[in-house]
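Chains A and B are the protein sequences, given in the same order.
Be aware that the first sequence starts at 1, since it is given in the working numbering, and climbs by one per residue.
Be aware that the second sequence starts at 1, since it is given in the working numbering, and climbs by one per residue.
It cannot be assumed that every hint is accurate.
[Unchecked claim] No farther apart than 20 Å at their CA atoms in a straight line, the calculated lysine to aspartate or glutamate pairs in the EDC-like style are these:
| hint | chain 1 | residue 1 | chain 2 | residue 2 |
| --- | --- | --- | --- | --- |
| 1 | B | K441 | B | D637 |
| 2 | B | K764 | A | D304 |
| 3 | B | K764 | A | E311 |
| 4 | A | K307 | B | D637 |
| 5 | A | K48 | A | D138 |
| 6 | B | K777 | B | E639 |
| 7 | A | K42 | B | D281 |
| 8 | A | K42 | B | D697 |
| 9 | A | K42 | B | E119 |
| 10 | A | K42 | B | E571 |
| 11 | B | K608 | B | D637 |
| 12 | B | K764 | B | E571 |
| 13 | A | K42 | B | E283 |
| 14 | B | K615 | B | D173 |
| 15 | A | K307 | B | D173 |
| 16 | B | K777 | B | D390 |
| 17 | A | K48 | B | E123 |
| 18 | A | K307 | A | D246 |
| 19 | A | K42 | B | E123 |
Calculated directly from the structure, the hints in this document are not laboratory data.
This one's a predicted model, so the numbers in the text were calculated from it and none came from an experiment.
Read off the chains here:
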Amino acid sequence: MHLDPFELHRPATVEETVALARELAGRFDYLAGGTDLLANYKMHLNAKPHLIALDRLAPLRERRLDRIGAMVRLAELERDGAIRSAYPALAEAVDQVATPLVRASATVGGNLLVDTRCFFFNQSYFWRASLGFCLKADGDRCHVVPQKERCYATFSGDLAPALLVLDAEVEIVGPDGRRRIPLASLYDEGGDGIRRHRLAPGEFLAAVTLPEAARRRSSTYAKLRVRPSFDFPELGVAVACRWAGDRLEHLAVATGGLETYPRRWDDVTAPFVGRRASSELFREVGAAIRPRVRPVHNTFLPPDYRKQMTELFVRRALERLAPTSGAAG
Amino acid sequence: MSSGPLRSAAPAAMRLLGGRIPYVEGPLKVTGRAEYTDDLARPGMLVGKLLRSPWPHARIRSIDVREARGMPGVFAVLTGDRYPTPFGVLPITRDETALAVEKVRYIGDIVAAVAAQDELTAERALATIRVDAEPLPEYTDPRVGLRPVDEPIHRRGLNGTNIQKEVRQHFGDVDAAFAQAPVTVRVHGSFAGVTHAFTEPLVTLAEATPNGRLTVWSATQVPHYLHRTLSEVLGIPMHRIRVIKPEVGGGFGGKSDPLPHEIVCAALAIESGRPVKMLLDREEVFYTNHGRHPTENDVRIAFDAEGRLLGYDIEAVIDGGAWSSFGTVTTYYNGVLAMGPYRVPNFRYVGHRVYTNKPPSGAMRAHGGTNIRYSVEVAFDEAAEQLGIDPFELRARNALPPNSDTINQFHISSTSFLRCLEAVRERSGWASKFRQLPYGKGIGLGCGFYISGSNSPIHFTPKMPQSTVHLKADMDGGITVHSMQADIGQGSNTLLAAIVAEVLGVDLDRVHVHPVDSDVSPVDLGSYSSRVTFMMGNAARQAAEAMRARLVRAAAELLGAPAERIEVGHERFFWPEDPARSVSFLEALHKAMEAEGALQSSGSFTSKPMGGSFKGARAGTAPAYSFAAYVAEVEVDVETGVYRPTHIYAAFDCGRPLNRLAVEGQIEGSIHMGLGQFMGETMNYRGARLLNPALLDYKIPMPEQMPEIDVLLVGDDDPDGPFGAKEAGEGPLVATLPAMANALYDAVGVRFYRLPVTPDVVWKGIQGRRAAARRWKGN
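The following block holds chain B by itself, in its conformation from the complex (with noise of 0.2 Å):
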């Protein structure tokens, strides 16, 4: 390894970065020891519980709570006329209230708090308040709010809609290509809601100290952006607020807002003086939701005679729920992230995200991408069918080059795309399967795109880099690793600590990541939009470059070696001419701390500039992309419409993977989560009345209806990526969905539009293509 700045994204050879490489936290994961939020307690502590709305839209005329103050046990009760200041992750969109202001807007909006001596008193307490509340027309079907209605669900609502953004863009001419095109296809995607389901339920703790402080413990992906909505909301300058991030228990975008049961949280800390501590059952995780949207879609795609695409025509209808949460985004997301992996020249977008009287939704994994990537993978399978073209070489013929732009100004600069669809037909076996299958039996392939990390950076100010990373190394020998990013599950404390010991060739018990602390860990703006790795790896290389530069200045001196030539091995530094003689680590850094003590340095991340000058130009642009080609095997019992997915063969462009360990868990719960939206789950609404929030009811799929799985990692270093890397948290979700449809359609004759797709859905499409007389494979 040279010493100096590295001259390649990757070097030739690397101890740790592209091994498999447990993660740090493991051992204390699987013996039970690894400290989560509700792990935690404080002397004094009191439980805090929610009251919640039964109405689904109603004005608030009054609310009682002097029974409730006046129990004993009962040290604070709150309304939200009490901090009523609105919040939204969305600087632009803020319509969100810790507690209900006026008005509740769905069935499970928070309407009074209780901290109490313990459970049972603080329920008690709760069941004394008195409501009384004028209800309101309720909204649930977001077609309806398209329109001006009597009663808007906010405000903000465009000219007496519901609606809650409205994107319309264009690019090239859309209409002249379908004009002229020989095929077209469309598909309507109907789309029901699906929630994250993570492990450990939302969960916060707070304690408001008598030197001022208040200290925030929480079950969160973004400790920056609670850190600030606290002091926002709460009015305390952010530097007496200290947020800690302990172990999280999955948040797949679920905790990746900031919620208002951890702001009433701490507000009742504030309000009681005593430590609080809010669990939130499961019922109200579903209820707090920002899950994917209920979305309907109508994607039009026009095709010349050779399967070269001409245009995409895509309008969304996109059920936002109460809230805004990330829906500006999502609105954006539905249409442009359409632009990968294809060369798409024409392209117009019409969405609507509109508000409706239920759980707000906001960002799910692979947020904005999912239910888009379902329509348009559909329809190139069927457009390959009508044009006689096998489905890997249409998509082939379509694929973007590294380093090009698409006509919306999304910048690709790595792209493995092709060997992707090679690897993965390869595999498959996908030549003697396709179609060859016996009824009943199916193969089907799906691509995918995704961002790896949002290029804007959701708070502008101050100006400051979006991902920083502090490193102190004491006489102990150790590295401390200080960044608020937050490893939810997903491994990132892991690559952090990895990083750092493959750039200061040390091992990796060494490095220890401290627990994301806003006292002392800088700004990192969380994990969301997949860009972790890319951002805090790029940050983390970058601190540890600095650190080792100061090793190597002292390993010379000591050596009487140039610096400029003195190279890093496994826990020493040595001079290539002389290599008998070396330096050991901790010399080099004894000798480094003489004059200055510990150690420190830093890295950052800033994004560049990126993207076009339109309106919403930034939304979708990423430092880079992931790519996927996902092959999936069903079998049909075609008489029960019973099926299961036999296996998926899943290859995907994450660039260099740095820790294949984390990536395969990556890209295997990916496929579980995609399974599950497109096998079962579901949001199941009767009018604004969610019917299954329970996880029996609730249909995530079971170990033994998994798949085989096949892993193909087969990207190519991207130029900008940390050691070649890109993401891969989110977009190896997204091919599973199209992949298993084309494949069900491969294997009965039958296209499905609408998720789920339940066995009673398939047994009635067969029914129905039966009635047709419309014969598959001779039945």
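For reference, chain A alone in the conformation it holds in the complex (with noise of 0.2 Å):
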């Protein structure tokens, strides 16, 4: 198995960066910490001739507490303390993904960018083939659910529900400068695994920042997979609440690892603002959050499992989160 010959840019300057995604449009990706992308370039995974590492770009790879760049390794986060018990879903999300040697190179932008994955998708260009290839890279039909319009590839990142319950807004840069949007909006509701994100082409992520408010929340990230290390997840549930003594004051649940987006949970959870700490409370969150999560059998752990542990994880959570004083239990 080759990796194909591709032209690496580094460009210096944001700059120069946007002038060569501007010259290369639509031949080229960005490259970050490259442990996702390189591997799926191995695969011939939808690749292109030109890569432009961004790994050069210096504001990228700031790290303060409000503002953590795109280019920041995940490896960094581990080990910032202040940052740690700012915010600890982030932090609890970042230890949990892959392995110590892959969190060296991988990076928040990456990982918020992370594509979907597949078991039909994710595979050799011979395996694919075999099968007469998928929507997702070069073919025309989905194995998973058949039919021919929509790829139902599963977004696999840790950070991004940790992020989504934090409120984390993402700075953009691209041809047509500088913006800044909730992390929420990044993802594409009316995508799919394919077309899962909302930036233009030429665009790419500066950073990630975070409210003050954020810090002032509780928050925890908890994730099923199969193995405790290595594996992508099967289930990312991140959960952040402030409490006003035992009275819910601020609830903000977010998904990944079932669907071809992260999701936040708002419209579910927003009834359950102002309740008393209590277990009904805590199952009565999950249980509103199951039926609305459509994960499909795409990864190791069958669907439905999927679904009901999403119900468990929201419980616990919220449990994990209870204030010390409260009535909950």
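Two chains, each in its own frame: build the complex with the hints.
Below, the structure written as structure tokens:
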């Protein structure tokens, strides 16, 4: 199995990067940590002839409590005591990504934009050819849900659910300048496993910003997978909340590893705000989210189990975050 | 140490053996200096690549390689018609070809091969090859293949079916035994296929030179079978082929067949006239497979009211994949390896191994013994519960005694099974834990039995020893050891060196085990069936004793003492009546060399005839057997089904352990591999298609999933084993899986009959028990 040759560009400034992106429009990918992209290239998955590496852009490597550059390595976050204590959900998510070796290269931006995954997509060219390819690469049909319109590949990043419940925003740079949007808007709810984000051609992530309010919330992230390291999530649940005594003042729940994009469930959780901590409350929130998630059978564990675990993981996260003096139990 | 032939199996005091001996090649491996096949290069070396079948079953109409042949940088292109001679590791089932002939039989079957100047050119050349093939019906369910099918996968299938091997055995009267049995239990076991997943991928380097010789370096466990097969398929006499085995990064049975890519690589070297290296990628390794067979078994066991065994009634349907490989042996083993560690008075077995359009199954660590052992040991746990007898007691009541024979005429020379039970019961704290741990925590017992070397050599022509060891000692004081035994990381080179050093009384650094090279290494059949320590060990001891006798004669001459009174000390020889005077090893060696130059000696091992005279009687016979009793402790998150083994207590009878470090490593590694099959490893097929031919999706347990392990080595010396030793390479695996299952039952009250037992399965099991309103430990 060989890696097809590509041309690697390593611009030193944002301006240079944008100019290159304009020049190579449609013929390049941005390269962050490369831990996922290059593996996919080796399998000839939508490989491009040019790669624009972002590793020389100094502003993308900056790391502050309220702003984390997109090229910050996960291993750096893992060791950052201030960030860890400010955003427990983020720290827990980072700790559970792949393995220490992968985290040494993998980046924040790369994890937020990591390509969706599927048994029928993450395979060698030979494997895919023997099946007649699929919608997401080189083919015209889906083998998970047999039809020809929609790709069901699963979003498999860990950081997104954690950052979603922390109200993160993302700074985006591109040919038309710089913009900042809520992280939730980065992902395309109307898209699918192929059209999974709303970046315009040539745009790249520059940073994640976190509001001061996020630091006043308790938060946690839990991940379901067959093995306690290495594996992508079969389910990721992030919860953030703030209590006034035992009264729930703020609640955010997000999930990943289930569908084509990570989702925050504000419409489901809103009615629970104002309630007092109780085991019934925690159970109800989990039960309310479960029927809304729609995993398909394209990862290792069966979808019905992942749905059941969604309910449980939400409940358990809330139990963990319950006010210590509260009535929960 | 006495100077004559050793009188007892193991001398009272040994300097090296029985201790902890770090691997002799260890420093090279941990510093990255050890040479594996892919580290080697030859001038002008080409890259060999394979075109594989995208069809599970198809008839090849034509293969057009004209464009590939004409491409610059392409030196050879091969298809199946060039070397169509069938081969197979068992001479009675030669159904493989180097490249597909007429038909392809699984996705990944080899259709064509190219040797080119580099990988990119080779892959581009493969892409130009046009294969016109007619798809045929695909058979992926072995049960379908039990009956006649439209298009049998092989012509040799029984009566138009896909059955590769049928075994029917009956000893005693099973129906009568069951008719009078007060207690019977029945387990339907279902086992997904698993594969070896060794670290070093399959790789071969071959070079044909103008002097008419062919040299092949390969990652193999069986250099001798490779040697024979290369000769048969390529039509070159064996003496013009040289097989070299560099360091091998794990095998576990996955390198114990002569494999098609090895032959194709050699053929490409012949056709191109250039050295060719072929390194398979991980996906290709998954397709080459030869892993543990997907299996379904149905095990019925009858007991009397006191828990004494009355009989076994076993059926197994075994999914062989596309080829025979070791399948005939597998089919027997899935029945007969249930013959221990208990006395079975009546026994019936019907086994079928069926071809399917999947990558071939074959031998994998604890070959043939793992799945049947699982069902038997789970059945024992159920029977203990029904009988109201402690699981330890039930097993102890049925233990085979030493120096006994099974009903199918296996001879049990030594067994310390009862001591295994006692030791592990005590160390695990069983008495205060079994059925007494809180809900979600559990403890379980599983036992094991395995062959210490297959008594029957695979090749019978010519008749020759199963292992031969040559020694050479020259004036430099070094001793070079030659043998074709294959160190694959399991420590056989270290044991070989240690045995020689022990017998000669010298330091280990005097002994150099020469890399396997058929030009100089005398034949040993290779690393499979847990035969190496037993057979090579005996051969090495014999060779070393022969050399020692000559050194002793020389020492006696120098000391002016009678040779029969000379004793071997550390690096010296002495006469006990005058211990102040002694002769150093080097002095004795130089004296002995005066007449004949470098000393050479030879030792060999040939097994004694064993077994009955009925059909298949030799399958499962071994010069000795290993025994095991394992206790596993587990913790289950009862809401998610996620669980982990917290502790495994492993009592094992390998006779006398010769290198404790290696034995402990084998046991820990076996537990890891057994946990893999139990907890998550699976060849995940959708029809004929393997969904997870990659290590990310093939769930080998991670280091943090490993439990604490207590190894308890409690074996008595085996009368025929070298210094009392038996095997420790495969037997340590089998007890792991049922110990886990029985521990999970103790934890949550659910039986698991299908492997792997992933968290969702445990969760579903708990839901099912609750739905049936069956309470367990108050829950």
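Tested hints:
Taking the CA atoms of K441(B) and D637(B), the gap is about 9 Å. The hint holds against a cut of 20 Å. At roughly 10 Å between alpha-carbon atoms, K764(B) and D304(A) fall within 20 Å of each other, so this suggested pair holds. With a CA separation close to 15 Å, the supplied pair K764(B) and E311(A) stays within the 20 Å bound. Taking the CA atoms of K307(A) and D637(B), the gap is near 17 Å; set against the 20 Å cutoff, the hint holds.
Proposed proximity of K48(A) and D138(A) is supported: the alpha carbons are some 13 Å apart, at most 20 Å. Annotation: proposed proximity of K777(B) to E639(B) holds, straight-line Cα distance about 16 Å (limit 20 Å). Restraint check for K42(A) and D281(B): satisfied, since their Cα atoms lie roughly 12 Å apart, inside the 20 Å limit. With a C-alpha separation of about 17 Å, the suggested pairing of K42(A) with D697(B) holds against the 20 Å cut-off.
For a cut-off of 20 Å, the pair hint linking K42(A) to E119(B) stands: about 13 Å separates their Cα positions. With a C-alpha separation of about 57 Å, the suggested pair K42(A) and E571(B) falls outside the 20 Å cut-off, and the hint is violated. Only pairs whose Cα atoms come within 20 Å are accepted, and K608(B) paired with D637(B) is rejected, the gap being roughly 52 Å. Distance restraint check for K764(B) and E571(B): the Cα-Cα separation of roughly 64 Å exceeds the 20 Å cut-off, and the hinted pair is therefore not satisfied.
At roughly 13 Å between alpha-carbon atoms, K42(A) and E283(B) fall within 20 Å of each other, so this suggested pair holds. Proximity of K615(B) to D173(B) is assessed by CA-CA distance (about 18 Å); at most 20 Å being required, the pair is judged to hold. Distance restraint check for K307(A) and D173(B): the Cα-Cα separation of roughly 52 Å exceeds the 20 Å cut-off, and the hinted pair is therefore not satisfied. This hinted pair checks out: K777(B) and D390(B) have alpha carbons roughly 17 Å apart, not beyond 20 Å.
Annotation: proposed proximity of K48(A) to E123(B) holds, straight-line Cα distance about 19 Å (limit 20 Å). Between K307(A) and D246(A) the alpha-carbon distance is near 28 Å, which puts this suggested pair outside the 20 Å criterion. Restraint check for K42(A) and E123(B): satisfied, since their Cα atoms lie roughly 13 Å apart, inside the 20 Å limit.
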